[in-house]
Amino acid sequence: MTRTKGVEVAPVWSPDGTSVAFNSMGHGIHLRKADGTGELELLRAGDASPKSWSPDGHWIAFTNSGSTSKRDIWLLNRSNPEDAFPLLETSFYEGSPTISPDGRWLAYCSDESGEFEIYVQSFPDGRDRRKISPGGGVEPLWSRDGKEIFFRRGDAMMVVPLESRGSELRAGALERLFEGQFAFEPTNSEANYDVSLNGERFVMVTRGGGAPPTELRIVLNWAEELKRLVPKGPRTTE
Numbered sequence: 063m064t065r066t067k068g069v070e071v072a073p074v075w076s077p078d079g080t081s082v083a084f085n086s087m088g089h090g091i092h093l094r095k096a097d098g099t100g101e102l103e104l105l106r107a108g109d110a111s112p113k114s115w116s117p118d119g120h121w122i123a124f125t126n127s128g129s130t131s132k133r134d135i136w137l138l139n140r141s142n143p144e145d146a147f148p149l150l151e152t153s154f155y156e157g158s159p160t161i162s163p164d165g166r167w168l169a170y171c172s173d174e175s176g177e178f179e180i181y182v183q184s185f186p187d188g189r190d191r192r193k194i195s196p197g198g199g200v201e202p203l204w205s206r207d208g209k210e211i212f213f214r215r216g217d218a219m220m221v222v223p224l225e226s227r228g229s230e231l232r233a234g235a236l237e238r239l240f241e242g243q244f245a246f247e248p249t250n251s252e253a254n255y256d257v258s259l260n261g262e263r264f265v266m267v268t269r270g271g272g273a274p275p276t277e278l279r280i281v282l283n284w285a286e287e288l289k290r291l292v293p294k295g296p297r298t299t300e
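To convert, count from 1 in the sequence shown and add 62; that's the numbering used here.
Hints in this document: simulated from the structure, not taken from any laboratory. In this text, a Cβ means the ideal position worked out from N, Cα and C, and glycines have one as well. Among these hints, one or two may not hold up.
[As the list claims (entries may be wrong)] Distance ranges between label pairs, derived from CB positions:
#	residue 1	residue 2	range
1	S127	E70	14 to 20 Å
2	S153	K193	14 to 20 Å
3	P196	G165	25 to 31 Å
4	L259	S153	36 to 42 Å
5	E144	D217	40 to 46 Å
6	D217	A107	34 to 40 Å
7	A107	M63	17 to 23 Å
8	P73	R263	18 to 24 Å
9	E151	D256	25 to 31 Å
10	D109	P223	33 to 39 Å
When you get a sec, could you build the whole thing from the sequences and use the hints?
This is the structure in structure tokens:
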């Protein structure tokens, strides 16, 4: 889809599946048609990385480094990309923003309590807010029906059921689904996994392991090195 000399990361599908927003390292948020046709569109310059698209296609939630903060969550208006503003801007780390399938809630992680936790707040006003991960958590991801949130806690995959009643969101009992040696980085600003439509299957990234990598060494002036290693003197036979 992209053929630039740079590095592109953090792809996010548009709700209709026709376009992909992504981060071009060091050059901000870009948008391109999923089939690779058309021109590359710059949505936001600078240190910005897209994370989630609202279901109506109107908003893109992205993370951005602030001058006095670790990481903040911003919103970008798709119709007017210059109309971007901070949604969560504190001295703490806020990352992994993900908008619910019905567009009413935003889940994200923050270290404001002293450890990374998952929070959910009403979107976009942020008036109703609650922590749903007692004991820590990162990389939240909504189920496709919006009734559950999956998240990581070390090697464990967790899930918490949610019930929305009007403007109130209630969290049920936390459940540990499985554990494994999967790639995990607490400061990931997006989920390093994905879930099937029915919430029963997971795509995970395994940790590196097994045989050590092949090592290549380049020796300069190898003839001189060979003379040094081979002892001088007549050859002998036994």
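So, going through the hints one by one against the coordinates:
1. Between S127 and E70 the Cβ separation comes to about 19 Å, which falls inside the hinted range of 14 to 20 Å.
2. Range check, S153 to K193: Cβ separation about 18 Å, and the 14 to 20 Å hint holds.
3. Distance hint for P196 and G165: a CB-CB separation of about 27 Å, consistent with the stated range 25 to 31 Å.
4. The beta-carbon spacing between L259 and S153, approximately 38 Å, falls within the hinted interval of 36 to 42 Å.
5. Between E144 and D217 the beta carbon distance is about 42 Å. The supplied range of 40 to 46 Å therefore holds.
6. Take D217 and A107: their Cβ atoms lie about 38 Å apart, and the range 34 to 40 Å holds.
7. One distance hint, 17 to 23 Å for the beta-carbon pair A107 and M63, holds here, with the actual separation near 20 Å.
8. A C-beta distance of roughly 20 Å is found between P73 and R263, which places it inside the suggested range of 18 to 24 Å.
9. The beta-carbon spacing between E151 and D256, approximately 28 Å, falls within the hinted interval of 25 to 31 Å.
10. Hint check: D109 to P223, Cβ distance near 36 Å, so the stated range 33 to 39 Å holds.
Checked against the numbered hints above, the structure violates none of them.
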